[in-house]
Amino acid sequence: MSQVVYLIPLFPLIGFLINGIFWNKMPKSVGGAIGTLAILASFIISLGIFFEVRSAAFHGPVIVNMFDFISSGNLNIPFAFQLDALSSLFLLIITGVGSLIHLYSTSYMHEDEGMVRYFAYLNLFVFSMLLLVLGANYLVMFIGWEGVGLCSYLLIGFWFKKRDYTNAAKKAFVMNRIGDLGFLVGMMLVIYYYGTLGYQELFSTLGGANAAVPSSVHSWIALCFFIGATGKSAQIPLYTWLPDAMAGPTPVSALIHAATMVTAGIYMIARSNALYNLTPGVLHVIAFIGLATAILAATIAIRQYDIKKVLAYSTVSQLGFMFLALGVGAYTTAVFHVMTHAFFKALLFLGSGSVIHAMGGEQDIRKMGGLGKHMPVTRTTFLIGCLAISGFPGLSGFFSKDEILANTFAHSSVLYIFGLLAAMMTAFYMFRLYFLTFSGTFRGTEEQHHHLHESPAAMTIPLMVLALLSVVGGYVGMPAVISHHNAFASFLGPVVKNFGVHHLAESTEWILMTLSVVVSVMMIGVAWSVNKKPQFAESTGFAKLLENKWYVDELYDAVITRPLNALSEFMDKYAERRGIDAVVNGVGKSVRWGSDRLRLLQSGQVGSYIFIMVIGMVILFTISFFWVR
Amino acid sequence: MNLYDTLFWFFSAVAVGCALGVILSRNPVNSVLFLVGTFLAISGHYFIMNAQFLAIVNIVVYTGAIMVLFLFVIMLMNLNADVEPQKGQLIQVAGVISGGVLFLVLIAAIHKASPMPIDKQSIDIGLINNLGKVLFKEYVLPFEISSVLFLSAMIGAVVIGKKEPALPAEGEAQ
Amino acid sequence: MLLLQVDIALIIEKLIIISVILMGSLGIAMYATWGERKVAAIMQDRLGPNRAGPMGLLQPLADGLKLFFKEEIIPDRSTRFIFILGPCLAMLTALMTSAVVPWGPDYIAPSGRTITFQVADINIGILFVFGVVSLGVYGVMLGGWASNNKFSLLSSIRAASQAISYELAMGISLIALIMMSGSLSLRDIVAQQHGFWDGNWFSWYVFKQPVGFIIFLTCAFAELNRAPFDLPECESELNMGYHQEYSSMKLGFYLFAEYINLFISSAIIVTLYFGGYNFPFMDQVATATGPLLFSIICILVLISKAVGMVLFFMFVRWTLPRFRYDQLMKLGWKGLIPLALANMLVTGMLVLWVFKS
Amino acid sequence: MPVYSTHYLFLSLLLFSIGIMGALMRRNAIIIFMCIELMLNSVNLLLVAFSKMYVDINAQLFVFFIMVVAAAEVAVGLAVIVMMYRKVHSVDINILNRLKH
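Protein chains in written order, with numbering that gives the first Met the number 0: chain A, 0 to 628; chain B, 0 to 173; chain C, 0 to 356; chain D, 0 to 100.
The following block holds chain A by itself, in its conformation from the complex:
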């Protein structure tokens, strides 16, 4: 099975090519079917590969060489795929959630004229994402990394006729590029010091016998990679693109900006665990940034009114949780949360998509309310998602988030308190969203009220499947205190080596669990009571600060954009016009002046040309024979 691994990215590529070439000639349903089936085929092969990797006969990672990609001197970078526990898990998440979202999209995007184009982009995205996780070296990962960035840009700006949307797309792209620069620098450092980009070669030489490489280099490489991760996974300071990215179609938000692409950073760091294990300092930075992001995004989410923005900030916050887990060395936990988060966040996004669909494009939750009566399936699944993300016992989010908190506590109790705070806020804003949307009375227009309906089956089936996964998804990684065997961690164990994870006493773990559950439930109650009679007065003070997202965008604008613009203007006026232009024009002018004089040599008489040629020959011969010895 592992020999046909190239089929996995091939199917989406074929889908992309077909849809991309015939995007304006094909009926929408055909395009949707091709796109969906391509991903479904990939999913089936991924399943096969997953079971092969899980089987006892599987020893170590399998590397499938496709062709020599870069071969220059000592540097040899093949285009190779690596199959192991980590990549097969991500394959499953990407293709599984991906095929559900494709199925959902066939219905969601049906009204849109650019549906085939949309599916082409979506397939291209899946293709890139699969490259990212399948690659056996950083270069292939980088190709996928750039590919998903491009697709993200294309899909955020899918409705490119609206200027805001294209601006959001540009913002996402530029922010990603800043992070990518870090990744690129990291890769170059790796090439410079180790002469390879392959995971196996790099990790086997890393920090071992190769003492010539100073340890600070490891830190720099790790830091550079982490900068790349912050860009792609929307961490401080590069997180502001993700909420804006909600401009894209909702399934895109579900797939790219919740389940897959934004987890690429976590994948990369988990993949590079051998590197990060050498650099505890960088891990501290990661933990700190992750926690800060989690709290910051959670606070902002509390006062948002756009249904997708809330979910976006929640995603940022959850990603922060994952980075916190990475930072404390619990890589498997982070990956576990990636998986569960993929389920319930995709579910929530698709649910919100269903709501928006029903509301005819309205996204403001102040104009919703009482939708539960009209769309029972959406309501139920959405509720499951909310419970899962809030860490309600027995649901998937409970296990993963609890594991993160437990590991954090083992690391440092201060971090734990802040983490718990963030988890509290998660429960609050999620249920604020839920109550505002589904309970109470409808606050929209009559027309909208008239239109309210449950979504078609193509949309509700993915919702139900994802809801099911959100419920049971956590049981693969039940903590040791409950099941005595964390299947998930041991599955990933051969690939991902956790670093400095202490085992807590069982009683402590039970206490922490109880605490988080109690806190969550409490916050659900608070949310219910607050939103029982919702009033949307002009917020003031701190609330206003939150509503305006801590003015981070404005801050960036003031601190970075404006000075840069001013500098550019200055450069334009003085350095460019007076300096460079003067030099360039001066060169031109002097050449012109010189050629005006040289022109006289060109008499147009062939004879004189021959003359000059002969004289030149004489001079050259003289020099070469008599002077140069």
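The hints are simulated quantities; they were obtained by calculation from the structure and are not laboratory data.
Here the structure is a predicted model, which means the values were calculated and not measured.
Fair warning: there could be bad hints in the mix.
Claimed, not checked - With a straight-line Cα cutoff of 25 Å, these simulated SDA-like cross-link-like pairs (lysine to any residue) come out:
1) B:K132 with C:K333
2) D:K86 with A:H452
3) C:K69 with B:K132
4) B:K161 with C:S110
5) A:K372 with A:H484
6) A:K161 with A:V184
Claimed, not checked - Label pairs and their computed distance ranges (CB to CB):
7) C:A119 with B:N129: 15 to 25 Å
8) A:F66 with B:N129: 45 to 55 Å
9) C:G181 with A:F66: 19 to 29 Å
10) B:P114 with C:A119: 38 to 48 Å
11) B:G131 with C:V345: 17 to 27 Å
12) B:G131 with C:W200: 18 to 28 Å
Where is the CB? At the ideal position from N, CA and C, for every residue including glycine.
Based on these hints, arrange chains B, C and D on the given structure of chain A.
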């Protein structure tokens, strides 16, 4: 002084004398004839070096075809000493001086070259079967390409020399 | 073959052969003029020259004498040196060709010395012929141009372009023959045509290369400027052709050169295609006679074949009408060259696949 | 005085230099063209001499190819000159100074 050396000096004198005649005679037809003489002398050199094939080919190609073409063109244009454009005295002197300087520079550069005797007779490498074997074995591709070159040159000459349709036909037998 | 290894005896021997050949060709050329007039007379049903000597046999001598005593006229505005050079070149090149014709088989003298009846057996005899023939154009061109007469100029240009054009077809037709013979030496080619019947086929190349022979013959007509291809001197268009301004012995040179060319070309055609000095049953004759007598018989056979060829040329001249110039060129470029190429191709394939030995 | 390779070297250099002088001195395009042919031939002569000197046949084949190229060159070059004569009724290269403008 054996026959070979005598012939060498004879042919050399003829070649140089005729070459000077080429550039000094006013009448283009005389120039052509002198050049034919030079080529015949060079063919003679080939003969005494036992490069018979090249000698004959030199005669056939250069004197028999190329120089006839030159003569042809000159006759067609009816060029003679009266219409021959002449350069100024100064330019001519300058031409002679620079050519001479080039000659001197090259001579000075190679005058120390160790003289090697020309093995005049004992080797048959100039005979046609030896030449033919190498030509058709090792140089078969250049040979084919040169035939293509010939063809294209022929077509090119025809295209260039073609009369423009607007002009009335002139009697040219080329 | 060492070209320059010579001894005095060889030089004397060659000098004798050269002078004999020169004298012989001049004599035959002289009587070719007589022959031509007689043939014309026969064709036109009249007597021809019959006053000087029996059957007018002294007529060529009388003609020569007349040419010698004519006034020498050099046109005032001609280019004097080239005007004189023209007929000299024509004569020179006409005579040079005979150097490579093998006139007879080797004669081994009783002293053990081998005498070859050939001026020079260079191994590229055919190419030599070509070189000399290509030089022959100069005589005509220079004479016509130097006369400073537009008819002469036109005629000489016609002659030159005709000669150059037909040389191509001639060369290509000969390549086919060379493919079969595998040698450029005329001596080898003659030796290959030994006797008349070799094994199970005629040994003469005219039977092996009929198409090549016809092409070669046609080209020979054009090269010799003889009817039906005597465009350079066609009276109706160009008065007298390139020797219009010539008189006296310079005219005689031109005329003479033409007949020498006629005879030498015939000898070469015979050498190439009709077995040269070979004749049927020559082996029996060789055993029946002594070597010296046999050599003389061979030489006589070659000369008689050549004379027969000359007579053929003459008959054709008085039989066929003259071509138009464009017809001539069309025949040369569009007819003979493609035909010769095809012949070469077919011969090459045959040599490569059928007669590989 | 026996003949050495240097004799041929000097001879062909002399012929070459005469060719160059001719190209410099004359204005007639045809004469210049002929001078170029002369230079080519001097090189041919040298090649044959070298081929004898080193007993190497390759040099003679180069001569052969040079002849081929020269023949092709003459065909095209003379066509160009005829065309030029047809346009300007002169073969003076000094008339051809359009390159100046």
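How the hints compare with the structure:
Using a Cα cut-off of 25 Å, the hinted pair B:K132 and C:K333 is violated, with the two alpha carbons roughly 32 Å apart. The straight-line distance between the Cα atoms of D:K86 and A:H452 is roughly 88 Å, outside the 25 Å bound, and the hint therefore fails. Annotation: proposed proximity of C:K69 to B:K132 is violated, straight-line Cα distance about 56 Å (limit 25 Å). Among the hinted pairs, B:K161 with C:S110 is inconsistent with the structure: their alpha-carbon atoms are about 66 Å apart, more than 25 Å.
Distance hint between A:K372 and A:H484 is unfulfilled; the C-alpha atoms sit about 42 Å from each other, more than 25 Å. For the hint pairing A:K161 with A:V184, the CA-to-CA distance comes to about 35 Å; that exceeds 25 Å, so the pair is violated. Taken as a hint, the range 15 to 25 Å holds for the pair C:A119 and B:N129, whose Cβ atoms sit roughly 20 Å apart. Look at A:F66 against B:N129: about 50 Å separates their beta carbons, and that is inside 45 to 55 Å.
In this structure the hint that C:G181 and A:F66 lie 19 to 29 Å apart at CB is violated, the actual value being about 55 Å. A beta carbon spacing of about 32 Å between B:P114 and C:A119 contradicts the range 38 to 48 Å that was offered as a hint. Checked against the hint of 17 to 27 Å, the pair B:G131 and C:V345 passes, with Cβ atoms roughly 21 Å apart. Checked against the hint of 18 to 28 Å, the pair B:G131 and C:W200 passes, with Cβ atoms roughly 27 Å apart.
Violation of the numbered hints given earlier is confined to hints 1, 2, 3, 4, 5, 6, 9, 10; the remaining hints are satisfied by the structure.
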